[in-house]
Amino acid sequence: AGQMGGQLAGQMGGQMSGMGGMGGMMGGMMGGYRGGGGGSRTENPPINTLFIASLPTDGPVESEVISHFSSCNGFKQVSYQVKDKGPICFVEFDTTEHATAALNERQGSMLPSSTAPLRISYSKNPLNVRRS
7 AGQMGGQLAG QMGGQMSGMG GMGGMMGGMM GGYRGGGGGS RTENPPINTL
57 FIASLPTDGP VESEVISHFS SCNGFKQVSY QVKDKGPICF VEFDTTEHAT
107 AALNERQGSM LPSSTAPLRI SYSKNPLNVR RS
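Sequential numbering from 7 applies to the sequence shown in the working numbering.
Simulated from the structure, these hints should not be mistaken for laboratory data.
The C-beta atom is built at its ideal place from N, Cα and C for all residues, glycine as well.
Zero decoy hints are in this set.
Here are the in silico distance ranges between beta carbons for each label pair:
1. 63 with 103: 29 to 39 Å
2. 64 with 101: 29 to 39 Å
3. 76 with 114: 13 to 23 Å
4. 72 with 92: 15 to 25 Å
5. 65 with 85: 12 to 22 Å
6. 64 with 102: 28 to 38 Å
7. 64 with 103: 29 to 39 Å
8. 114 with 94: 15 to 25 Å
9. 114 with 92: 16 to 26 Å
Between the sequences and the hints, there should be enough to build the whole structure, so can you do that?
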């Protein structure tokens, strides 16, 4: 009986680790889909709109973002929204070149109320343009 139990446990362990591997794969795929999962922070093709992550949840964040980016060449506007998972922000520039310069200049910088460096990437879509 001891041998039988050991074999069964071995088979079950093999199946479980196989499922765990699949779960890890799915988690990795889903993480990529949500925009998480590490890797390059500029995964979207360059456009004139930047997505700002790692924003503080307290303080005058919108005005801090505006003052942080308004000195960049080609700055147009900020779209700031508070979602369930925290604040999100998009910064629009006149051209893709201006957005790229701002991304390179401000990547990893801090707002006065920040507790973590800003993570900046290209937005999936230009500001005020939604895919149907």
